[in-house]
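Chemist: Read off the chains here:
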Amino acid sequence: MTWSPILLDVIRAVLIFAAVMTLVPFLVLAERRISAWIQNRVGPNRVGPMGTLQPLADVIKLVFKEEIVPARADRVLYSLGPLLSFAPAAIAFAAIPVGRGLQVVDMSVGVLFVITATSLAVYGISFGGWASNNKFSLLGGLRSSAQIISYEIAMGLALISVIMTTGSVSLSQISEGQTSFLCWNIFRQPIAFVIFFTAAFAENNRLPFDLPECESELVGGYHTEYSGMKFGMYFLAEYVAMIVMSAMVVTLFLGAWSPGFALPEGLLGTVISVGVFSFKLFAVLFFYIWVRWTLPRFRYDQLMHLGWKSLVPLAMANIVVTGIVVTIWDAVQ
Amino acid sequence: MECTLRPYLPIAVYGALVLGTGFSLTLASSIFGPRVRRLEKESTYECGSLPLGSSRERFSVKFYLVAILFVLFDIETVFLVPWAVVYRSMGLFGLLEMLAFMGILLLGFVYAWKRGGFDWE
Amino acid sequence: MPDIKTEEMLLNMGPQHPSTHGVFRVVIRTDGEMVLESESHIGYLHRCFEKVAENNTYIQVVPYTDRMDYLCAMANNLGYAQTVEKLMKLEVPERAQYIRVIVTELNRIASHLLAFGTYGMDIGAITPFLYAFRDREMILKIFEKLCGQRLNYSYVRVGGVTFDITEEILADIQRFCDYFEPDTIKEYNELLSYNGIFISRTAKVGVLPADLALSYGVTGPSLRGSGVKRDLRKDEPYSIYDRFEFDIPVGTGEMGALGDCWDRYMVRVLEMTESVKIIRQALADIPAGDFCDKKAFRGVKPPKGEVYHKIEGARGEVGFYIVSDGTTKPYRVKARGPSFCNISVLDALTSRGDCMVADMVAIIGSLDIVMGEVDR
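Protein chains in written order, with our numbering: chain A, 1 to 333; chain B, 334 to 454; chain C, 455 to 830.
It should be emphasised that the hints constitute simulated quantities derived from the structure, not laboratory data.
A few of these clues could be false.
So the derived list for chain C, only partly shown, Cβ under 10 Å to chain B, looks like this [claimed, not checked]:
# : residue
1 : Thr474
2 : Val477
3 : Met488
The calculated lysine-lysine pairs, modelled on BS3-like cross-linking and capped at a C-alpha distance of 27 Å, are [stated by the list, open to error]:
#  : chain 1 : residue 1 : chain 2 : residue 2
4  : A       : Lys309    : B       : Lys374
5  : C       : Lys783    : C       : Lys505
6  : C       : Lys688    : B       : Lys447
7  : C       : Lys640    : C       : Lys688
8  : C       : Lys758    : C       : Lys748
9  : B       : Lys374    : A       : Lys65
10 : B       : Lys374    : A       : Lys61
11 : C       : Lys543    : C       : Lys764
12 : C       : Lys540    : C       : Lys595
13 : C       : Lys688    : C       : Lys788
14 : C       : Lys658    : A       : Lys309
From the three backbone atoms N, C-alpha and C, an ideal C-beta is built for every residue, glycine too.
The whole structure should be built from the sequences, with the hints applied where relevant.
Modeler: Pasting the structure below:
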């Protein structure tokens, strides 16, 4: 046994984690700057050049804030909530190939791992909502649980048709399969793409599906009682989950790290693939932000109806159609 | 030993990093933040009024219903995954099997729909 | 599944809540997401306007009227000033009448812009709010130029207006009108009014039938949203409103039900266009001359008597009932605030069992209340 591959693995894990954690503050800043741009405002531009240090200032502020635990709250679950929200989302990123052959671990069941990990986030939110001993939090937590699990079904069913086309649940294999432009799954599975992307918005509690924390009726939703860095953790978790979901969208549908044609072998190709992946990731994230600052929010029953009565039947129909088309295609070939 | 656990080393490192960050951030505010306890401050927020009743009541059964439906349909989805992976090698048999499975699933779905399982009114 | 019973939950919405539009408290009884019953509580902002008015001279009362409906202070000023003038049988100079119409209509636009923006925010769209504030800012700048104030103007006074309007300000107003209508309103409609999610949130929600509205004394856009064509500017013209051409938009039930939240919302958007129409006409024929009755400015001492006068504010009928005992201080001032009457219908709208927690917010927003005026 030699040490160098182990060291390489460790370095890779540390690097990818560092990359995700660095991306979050910039995403927060991007969100604020882009929203300001959409809304004819200036946005944060005082801390550091162009406001680039604003997220850092925010974190420092949050860390030095007093932490208030409401009376009669369940202290253990109250502290566990933010952690349970953050950790699964961050761990999910381990399975995503951020470049050719560049991922923390190449799991043969990558898709399932990511879906499992992201769906664990519901515990963080419902624990936090319940433990706060606050009715707004409780309602937010319940809503969130119901919303996330409902859209998970649509998401899972949409994935089935993708898996049928690619014949693999390994994210690296799915990425390899999309090297040429026309093989991108968005062209092979456009309906699955729409369903998955919509469900991704709901999973991440982003507008127009941000009902768990919608401030107009539930004040702050599940994090109403949270302050200090515990609130910050929920905030962080939301953005990490957003990055993971965007990365999933890119990997599954938008050709992963492939620019649409074969890359050169060796280090150069890997570097280019990381660049391409990042570009696509930012494009999807920009879309997230753009939607958030444009659309109003659904009502709870409308959200459930959209999930159960539109997306789930559509995804089921998509599986059947995919099945028939794939069988005929394979028979003809 | 080495062979079986070796591929999971990176994710163990990664997981340790995530959990380490998570724990330290969770504790950060309670270490660095001030702590001035006061009754009003720690009372539950309910828009400035005294909370009406407890929030630890049994909540609406509709949420429970969604959870039950989720369990049912998510298990179906999990069943579909292995089938979907090997679908192409199964040929026509796979298609017919899928149609039968989806038919049954659809039946249950229509039943839940007709019974008003997805309604909130 | 109506046969399953579950625990009901009592929930305070307000007084410190982001979408009750001020310190307003509703206690709602909910079953999950459904609101079974609601009960409004008001009075958190009570400032004894009527009692204060009895201890001040007629002129000193004007600033207190600002603070009732602070989003449309000009209309309150106008209502009070006209009531006192009616009591004194005082004729206001022609130019002052025109200025009053212009500023009141501008203020109506500013108020409806705020209603538009905050309503978007209640539904979850944050961007329209900032767009509305961008345009409201232009109006506030004009007012600042005009009277040095941005919110509590005290500009319309007994006998006329405080300062004369200059050519520069008139040009500003003209520029604002050209900018605002039709392009900006069209932008608003594209951004929010005809957005699919917005329609699904507001259409067929909080349906207020005309007879219910009338029995609760609902006035203004909330009443017109139910299809009742009642506008004091047309029905009982005061000031010089009979000289202008404008329409009264009413709810049409375009999105499903007559008198739903969308109708009430849309009436406000359409009214902004009509206000611009009035302002344009007034700008075209504003005469030269005095802007106030100098004598009334030095002191007001109406003869013994009592009078009621009402005008159309941004939220409905603003009425003042004044009893004079012949001194410089009013013996009694009673204000009829539109928000106060409009909010009374809230419990009837939300206790029918078809309202969800999110609809609560949509309905409160669509009634467009100002707590400063509800509590006075």
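Chemist: Given the hinted pair lysine 540 of chain C and lysine 595 of chain C, is their Cα-Cα distance within 27 Å?
Modeler: Violated. Lysine 540 of chain C to lysine 595 of chain C sits at ~31 Å, over the 27 Å cutoff.
Chemist: Is it true that the CA of lysine 374 of chain B sits at most 27 Å from the CA of lysine 65 of chain A?
Modeler: Cα-Cα ~14 Å, so holds.
Chemist: With the threshold set at 27 Å, check whether the alpha-carbon distance from lysine 640 of chain C to lysine 688 of chain C stays at or below it.
Modeler: Holds, because 26 Å separates the two Cα atoms, which is no more than 27 Å.
Chemist: Hinted pair, alpha-carbon criterion (27 Å max): lysine 758 of chain C, lysine 748 of chain C. Please report holds or violated.
Modeler: Given that 27 Å is the threshold and the Cα spacing comes to 22 Å, the pair holds.
Chemist: Need the status of pair lysine 688 of chain C, lysine 788 of chain C: alpha-carbon distance at most 27 Å?
Modeler: holds, 24 Å
Chemist: Lysine 688 of chain C and lysine 447 of chain B were given as a pair; does the straight-line alpha-carbon distance stay at or below 27 Å?
Modeler: violated, 52 Å
Chemist: Between lysine 309 of chain A and lysine 374 of chain B, does the CA-CA distance stay at or below 27 Å?
Modeler: violated, 44 Å
Chemist: Are lysine 658 of chain C and lysine 309 of chain A close enough, with their CA atoms no more than 27 Å apart?
Modeler: With Cα atoms ~20 Å apart, lysine 658 of chain C and lysine 309 of chain A stay inside 27 Å; holds.
Chemist: Verify the proposed pairing of lysine 374 of chain B with lysine 61 of chain A, using a straight-line Cα cut of 27 Å.
Modeler: OK: lysine 374 of chain B and lysine 61 of chain A at ~20 Å, within 27 Å.
Chemist: Need the status of pair lysine 783 of chain C, lysine 505 of chain C: alpha-carbon distance at most 27 Å?
Modeler: Satisfied, since the Cα-Cα distance of roughly 12 Å is no more than 27 Å.
Chemist: Holds or violated: methionine 488 of chain C as interface residue toward chain B, Cβ cutoff 10 Å?
Modeler: holds, 7 Å
Chemist: Would the hint on threonine 474 of chain C be counted as holding, given a Cβ-Cβ threshold of 10 Å to chain B?
Modeler: It holds, given that the least Cβ distance between threonine 474 of chain C and chain B is near 8 Å, below 10 Å.
Consistency with the previously given hints fails for numbers 4, 6 and 12, ordered from lowest to highest.
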